[in-house]
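Protein chains in written order, with the numbering used here: chain L, 20 to 317; chain W, 5 to 337.
Hints should not be assumed to be uniformly reliable.
Facing chain W, according to a computed beta carbon distance under 8 Å, are these residues of chain L, among others [what the hints assert, rightly or not]: (1) Ser93; (2) Arg120; (3) Ile309.
Straight-line Cα separation of at most 27 Å, DSS-like style, residue types lysine-lysine; simulated pairs [as the list claims (entries may be wrong)]: (4) Lys337(W) x Lys219(L); (5) Lys219(L) x Lys203(W); (6) Lys98(L) x Lys160(W); (7) Lys98(L) x Lys337(W); (8) Lys203(W) x Lys202(L); (9) Lys219(L) x Lys202(L); (10) Lys160(W) x Lys302(W); (11) Lys21(L) x Lys170(L); (12) Lys203(W) x Lys313(L); (13) Lys337(W) x Lys202(L); (14) Lys169(L) x Lys21(L); (15) Lys219(L) x Lys160(W); (16) Lys66(W) x Lys302(W).
By construction, these hints were calculated from the structure, which means they are not laboratory data. For glycine and all other residues, C-beta sits at the position ideal for the given N, C-alpha and C.
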Amino acid sequence: MKISLGPILYYWTRDSVRDFYDQVAGWPVDIVYLGEVVCSRRHEMRFDDWLDVASKLAVAGKEVVLSTQALIESESDLKMLRRLAGNGLFAIEANDMGAVRLATGQSFVIGPHINTYNGETLEVLAEQGATRWVMPVELSRHMLAELLAKKPQDMETEVFVYGRLPLAFSSRCFTARRYNLPKDDCHFMCLQHPCGMTLKTREGQPFLALNGTQTQSASIHNLIGEINDMRQLGVDIVRISPQSTHTGEVVSMFRAAIDGAMSATEASVELAPYLFDAPCDGYWHGRSGIEQSKEMLT
Amino acid sequence: MSLELVCPAGNLPALKAAVDNGADCVYFGFRNSTNARAFAGLNFDSETAKQGIRYARERGCKVLLALNTFPQTAQWHIWRQAVDDAVELGVDALILADLGLMRYASRTYPNLRLHLSVQGSATNYEAINFYHEHFGIQRAVLPRVLSLAQVENVVKHTPVEIELFGFGGLCVMVEGRCILSSYATGESPNTAGVCSPAKAVRWQQTPKGLESRLNGVLLDRYGADENAGYPTLCKGRFEVEDETYYALEEPTSLNTLALIPDMLRMGISAIKIEGRQRSPIYVEQVTRVWRAAIDAAKRDAAYYAVTPDWMAQLGKLSEGQQHTLGAYYRPWK
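Start from the sequences and build out the full structure, keeping to the hints where you can.
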């Protein structure tokens with residue numbers, strides 16, 4: 020089973036991003052997804068910067084995939100999408116059906132933001148050239164098992180196993196809204212929130228995280244205890260979503276659990292100090308996403 | 005054809021109210037999780053569907069069926085059966101969101117008219133044209149996230165008819181791409197056809213005020229002088245960096261009466277009224293106002309003006325009695 024590093028969902032400075040990927044080159048991950056998925060106003064990294072990072076990671080032996088924006092609204096969004104689809108070197112992760120249309124005929128990845136809830140849908144996408152799909156995060160283990168029985172041959176399966184869950188996209192920017200700024204003049208406030216802004220209920224329960232136009236879970240989705248089960252189900256790749264701290268340690272724990280250097284229980288215990296918010300795994304167990312199964316709490 | 009009025013039918017009386025008050029089309033769903041308003045006590049069985057279709061047909065109104073949730077593998081046969089049943093009933097079009105189901109419908113019934121549901125999340129013409137090329141989609145309902153200029157650009161680059169939401173509940177997130185509801189309750193529009201389901205809602209009077217909870221999560225707390233609305237997850241008050249406010253959206257409704265002349269000029273094919281969960285009286289009043297407004301704009305767009313009477317009637321029906329142009333008006337973003 021391989022480990023992938025998902026795209027950075029937050030807005031970090033150019034230097035932070037480049038430093039981060041300099042480290043990633045030495046981490047035990049097999050696949051790295053690069054690019055801006057959330058907001059077209061985030062310009063610290065330009066197209067050529069991404070290609071530069073991609074080349075360096077490829078030289079370091081990583082499979083590189085270029086992720087595309089989830090919400091495509093404007094002609095300039097489409098222009099960027101066409102550049103990515105036509106880059107000629109790296110496969111893309113399509114996160115919108117517009118990207119699927121532009122990638123048709125190439126080998127590409129179906130990102131977690133395309134709704135694939137059944138085998139028939141995966142067949143349609145495989146016919147366009149998709150060779151891997153990332154399971155929508157709301158699917159349960161049970162639904163995945165049923166779907167895998169109907170999956171097209173040669174389609175790889177990737178599951179989001181670590182990080183704040185991407186839950187929703189809007190054209191409204193909730194970070195700008197917090198500061199009473201219009202989206203078009205947002206002062207790039209996202210730069211000040213490298214793992215999103217925690218939204219709490221009126222009784223102080225951390226509930227969601229605001230990340231510009233994206234809304235995430237406040238809790239950290241963590242499926243390290245399910246690694247062996249996933250392997251038996253036929254999951255090919257597990258995805259770790261980069262967080263602003265300790266992502267390297269998280270990768271090491273998952274690597275150890277996959278390689279059998281640590282039991283799943285040991286890895287869970289070792290990983291616990293690195294979680295910067297409460298854990299959750301409810302979706303995997305067919306419950307509300309915010310829940311954490313009892314076995315993991317003890 | 006220009007600017008059809010598409011009205012919600014949550015049950016037979018609502019369908020009749022829409023037809024009687026000037027809807028060009030009504031849309032409805034079956035009584036199961038195959039549609040995105042799978043609420044208890046709502047929707048149609050085959051007998052009421054037959055009656056409704058007959059009632060609408062005899063009065064020159066078209067009937068659309070929403071099958072706009074995403075079938076999960078083990079229940080695929082339920083959605084497939086719903087497509088077959090719709091064809092048997094003779095609806096004018098199906099409103100679909102799932103790729104697999106679109107393929108089934110277009111292969112099995114090549115002459116069946118298909119619309120792309122708002123739950124299909126198509127916000128750009130490349131996506132819409134994909135559905136057109138592969139499944140012959142003839143109309144797409146756009147998510148409530150594009151500005152008017154962006155909508156116009158979509159219209160220019162696709163042969164597919166474009167339908168816009170005109171009035172009713174306002175989704176602040178891209179439809180089909182929001183799982184906030186299942187994060188809190190286990191059920192989302194995509195999987196179960198519900199958002200912030202009523203069975204997960206609890207109201208409790210406390211010393212601090214009236215509290216609304218969704219599966220235990222506190223969504224809001226109301227003072228004695230505040231009106232408490234239905235606790236939709238994205239319209240609660242939350243704390244972000246020590247400020248308590250409507251962090252995602254206020255309890256407000258979309259109302260685009262003022263944009264009808266723009267929609268006509270841009271070549272929009274239809275306006276959708278949200279609200280299959282609302283009462284027949286709501287459907288009657290909203291349909292009547294929108295019929296009058298569209299007719300007025302078609303008679304003379306240059307002199308079209310929203311009347312205070314229309315706004316007053318719709319204002320009473322709006323969530324929180326507030327309304328907004330939503331994303332069509334760029335500063336909303």
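Against the structure, the hints:
1. The restraint placing serine 93(L) at the interface with chain W holds, with a minimum CB-CB distance near 6 Å, inside the 8 Å limit.
2. Interface hint at arginine 120(L): satisfied, since its Cβ lies 4 Å from the closest Cβ of chain W, which is below the 8 Å cut-off.
3. Interface hint at isoleucine 309(L): satisfied, since its Cβ lies 6 Å from the closest Cβ of chain W, which is below the 8 Å cut-off.
4. Proposed proximity of lysine 337(W) and lysine 219(L) is supported: the alpha carbons are some 22 Å apart, at most 27 Å.
5. Taken as a hint, the lysine 219(L) and lysine 203(W) pair is honoured in the structure, with Cα atoms around 23 Å apart against an allowance of 27 Å.
6. A hinted pair counts as satisfied when its Cα atoms are at most 27 Å apart, and lysine 98(L) with lysine 160(W) qualifies at roughly 16 Å.
7. Among the hinted pairs, lysine 98(L) with lysine 337(W) is consistent with the structure: their alpha-carbon atoms are about 22 Å apart, no more than 27 Å.
8. Taking the CA atoms of lysine 203(W) and lysine 202(L), the gap is near 36 Å; set against the 27 Å cutoff, the hint is violated.
9. Note on lysine 219(L) and lysine 202(L): the hinted pairing holds, with a Cα-Cα distance of about 22 Å set against a maximum of 27 Å.
10. Of the pairs offered as hints, the one joining lysine 160(W) and lysine 302(W) holds, with about 21 Å between alpha carbons and a cut-off of 27 Å not exceeded.
11. Using a Cα cut-off of 27 Å, the hinted pair lysine 21(L) and lysine 170(L) holds, with the two alpha carbons roughly 19 Å apart.
12. Proximity of lysine 203(W) to lysine 313(L) is assessed by CA-CA distance (about 24 Å); at most 27 Å being required, the pair is judged to hold.
13. In summary, the hint linking lysine 337(W) to lysine 202(L) is supported, as the alpha carbons are separated by about 6 Å, within the 27 Å threshold.
14. Restraint check for lysine 169(L) and lysine 21(L): the C-alpha separation of about 22 Å stays at or below 27 Å, so the hint holds.
15. Of the supplied pair hints, the one linking lysine 219(L) and lysine 160(W) is violated, its CA atoms being roughly 43 Å apart against a limit of 27 Å.
16. With a CA separation close to 20 Å, the supplied pair lysine 66(W) and lysine 302(W) stays within the 27 Å bound.
Checked against the numbered hints above, the structure violates hints 8 and 15; every other hint is satisfied.
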